[in-house]
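Going line by line, the protein sequences match chains A and B.
Each step along the first sequence adds one to the number in this note's numbering, with nothing skipped, and position 111 is 111.
Residues are numbered in this note's numbering as their position in the second sequence, beginning at 1, plus a constant of 1000.
Don't take every hint at face value.
With the C-beta cut set under 8 Å, the calculated list includes, among others, these residues of chain B facing chain A [stated by the list, open to error]:
1) P1030
2) I1051
3) A1300
The hints are simulated quantities; they were obtained by calculation from the structure and are not laboratory data.
The beta-carbon is built from N, C-alpha and C at its ideal position, and this holds for glycine as well.
Number of protein chains: 2
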Amino acid sequence: MEHTEILTRYTANFVDELVKSGVTDVVISPGSRSTPMALTFTEHPSIKEWILIDERSAAFFAMGIAKQTKRAVALLCTSGTAAANYFPAIVESHYSRVPLLVITADRPHELRGVGAPQAIEQVKLYGDYVKEFHEMALPEATPEMLNYVRNKAAHAVYIAEEGNPGPVHLNFPYREPLNPDFSLDAIWEPTGYGDYERIHQVSLDGRKRLTTKQLELLTEKLSTKKKGVIVCGPQVDEDFAEAVTTLAAHWGIPILADPLSQVRSGKHAKDNVIESYDAFLRNATIRKQLKPEFIIRFGAMPVSKSYLFYLKENKDVMQFAIENSAGYREPTGNNTEFIFADAVELCKDLFSHAPEMDFNLAFLQTWKKMNYIAKTELLHGAEDQITEGEAVRGLVDVIPENSSVYVANSMPIRDFDTFMLTTDKSFTVLANRGANGIDGLLSSGSGAATAGNPVTIVSGDLSFFHDMNGLLAAKHYQLNVTILLINNNGGGIFSFLSQANDKKHFEALFGTPLNIDFQHAVTMYGGEYNLANTEAELKEMLTKSFQEKGLHVIEIKTDRTENVDWHRGKWQTIEQEILKGKE
Amino acid sequence: MEHTEILTRYTANFVDELVKSGVTDVVISPGSRSTPMALTFTEHPSIKEWILIDERSAAFFAMGIAKQTKRAVALLCTSGTAAANYFPAIVESHYSRVPLLVITADRPHELRGVGAPQAIEQVKLYGDYVKEFHEMALPEATPEMLNYVRNKAAHAVYIAEEGNPGPVHLNFPYREPLNPDFSLDAIWEPTGYGDYERIHQVSLDGRKRLTTKQLELLTEKLSTKKKGVIVCGPQVDEDFAEAVTTLAAHWGIPILADPLSQVRSGKHAKDNVIESYDAFLRNATIRKQLKPEFIIRFGAMPVSKSYLFYLKENKDVMQFAIENSAGYREPTGNNTEFIFADAVELCKDLFSHAPEMDFNLAFLQTWKKMNYIAKTELLHGAEDQITEGEAVRGLVDVIPENSSVYVANSMPIRDFDTFMLTTDKSFTVLANRGANGIDGLLSSGSGAATAGNPVTIVSGDLSFFHDMNGLLAAKHYQLNVTILLINNNGGGIFSFLSQANDKKHFEALFGTPLNIDFQHAVTMYGGEYNLANTEAELKEMLTKSFQEKGLHVIEIKTDRTENVDWHRGKWQTIEQEILKGKE
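Looking at chain A on its own, in the form it has when it is part of the complex (with noise of 0.2 Å):
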């Protein structure tokens, strides 16, 4: 069999597993080396491929497409810095638990380190970030081989999306000639297989659950306690809302709901659920009201500092926390206990085993007071000039059923946890939490956008500009994109910090304003753009923006000073309520 024929066969039989094994998007950067691939992505009738220039960004975008759809996504790029450009996505997916299968074409081994142009090495090129690497071997096509590279398919799908899902780095050298040759019969059947068929590795893979012994025993410890508190950091699981707080209402006890929870909105039940903690936290007297004498923390850590301060004044509580598979999300230092199980399956088995516990209902009961009084402070006050808070808020009122939302780091996450209170709308809140990067945002929203669902970004104006070649996308592929842009004309979180202090070099290191109209990038992305002055001109224009595929940016503009003035202002009445109503 001579060359193109054999690099057609190896190379098809390979996209063709990856199919099976229920990949259905790749995400492709422009190249040469990568053409045996490229083109037969696209050739396979079954995937979907998504052309991005910028790798950067492409990676975050493919990133974005599977925390949507939860599945693996693939990557492909040419050889040298291209690759190098999937870095910082590959970290973020490596600690935010999102499945990629990161495929990298490479110069034939005779051409690395002897100073071949666009040589680099791509062995190990993601050191510990990747769950797995494979340099896969020059193509060859006997049954062997073929079977051999279908392998290397479904095993590296299955790695990606197994316990911690994560990236997989896959390196495929190639030789000249690149171009395959379709004409050929048969390409994508798997051979030697005589009479019977290929058995696509669909793996069936379980959940963890707790034995009844463990159930047992950790039932026992809890009952000895009156006072708890259940913690939701991110999920993923779309049965978990209705699983924890099934749980919680039976126990009679609050949990403390993470804007990327999936708790604060959706049908289940929310009487039990406390969201605005991260206002009323903040206070060292009312932390001390509310000392639990136990903790059920459900995945990472929430966003907000103030339980942050209340998780490191209870090192001497009891506390649990539960990873689906394995973890070790822990930064307090504190003494915990993890308990490593299904998060859903967890709850409905303690449900099973312990239907009642005997909790301290007063101690709910004051949490409950705490939300209400800080909830209502919290949706005062429409201003005259429109702030972070009216937002989320207006966003939450007008966003559809069943769409998404992914929201930027550093600022506007901490507002979505202030702001965005329960609510009965079915809509999924993500953000790139593994990292907290401030890169990758638009990228990672448009590719949550391909499953078909209408996306909202929520970004500051540094997550837009680091990030402003993502733009492309939603142009290039008419995708639904909403871009709500808060505009405070630099790094606001930085005015709540120490540094805000140092008033010499504060504005250059820290406040960095761009000085820049981000309305050329959207008109250059033909994209809609909208400044908003108002809650109810935002809510306007965004509930347009909805109805309209395409890119949508709708900004509002913000004072960094005045939005710290503001926020402590709130938190300083809030505050004054709740320890004016102990009394």
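With chain A held as given, fit chain B onto it using these hints.
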């Protein structure tokens, strides 16, 4: 000594030693954990800080400064994916041997691997791409530890700059509170030396030279041959052009000079310089006529693919590759002898040792004649519509003395190779030829512009798009940057490859037209935009842009298919003319 004082003295001593070691520029991306280092750099009177928000752009910008100044430049970012964004430029710097000092701020150890926010594993983050990595100690301010931190600073700069220069990575953990106290006394003073002054380790780093015996051996070998060729790949030493042309003139042999060799431009005698070899070495018959008996190559391979073919057909000739320090850049697998000696010193020593050689002068004449024919044809024909050829030619005509040109990979560098003819003007030609990516161009070019001389960036549309965030620096710092944007609406180089025959997928996968009007971006960044339709217009706009500070973008629009046809037409004419002459 308490925390803040320790942090202040430790960081100040580090920064001061960097400056004493010759570091003059630092590129900082905003963040919180990097506060101690960022503020200290800013406070130090003798270092210039550049603030760039997009870390990927920041790293290429730093690389651009380093390429222009040939000294190590510091980079500083906060923890998390910010550091991962440096990876593309680090890979490029590794392969193109550019000194960078990469400083990443980090969470302290107790916040690593425990799910703490914005904490990622940063130890050995860049793997084998850095010359050295050090995990730095948490701040301490005993005399011993201040000495340690100074030694590490000096050592890092030395390593980055010696031998084959490259990136060095230092990871600095910091605990809160992060603000230094610059009101303290004598924070910049090294301590613990008593009466004697600390010697700042500015090493005297010698250059490799062959011994007399080695020169004897080499010249012996060469004197057994009659037909030799010198090939100059990318070079940075400003004395090289004079040295190599002097040698070649006395030996009577041709020099094939890559545009990045700095040999095509400048005040040195260029009689033996052959610049149009890429055009006529395309032809197999001509290549045979020019068969050499030895080849001496200085530096990495030239851009020219024709030269690669020439080399592959001359496996049987004696060939030498000269590396200043060490390296193994021989991508054809030809039997090559590596000579590790400083290029300038070697040329001078060879000339001293063997001022005359009995080489075949007719061979040189043949090269010169063919080169002349090619040049004449290439200079021919101002088309109605401006082509890449006119663009390069026009630029070289009007470019100011002592300026720099930063050329994009893919098509522009090949256009430069074809159309940059020898000139007495002194200007530097730069490119990112370590890994030949299309990323980071605008940032690199802007970084080079910080040295003060005008920089012209020659970019394609894909390179322009990829690094569009790089335009911010030119705006923010009013750098003298002119961008010549050759827009053929897609990946022009692919039209030359066999992939172009695949009509079905070509446009989407390889053509990748952006369909973007870049004028919006230029306006957004406060730059001046112009569209040139003829060579005359282009020259006028360029001339004006060189006289003004700030960002200027001059676009020309070309057609990819026409480009291919026109190039092929020229090459055909050249080959015909040359072969005709030979009969």
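Here is what the structure says about each hint:
1. P1030: Status holds, d = 5 Å.
2. I1051: holds (6 Å)
3. A1300: Given a least distance of 5 Å, the restraint on B/A1300 holds.
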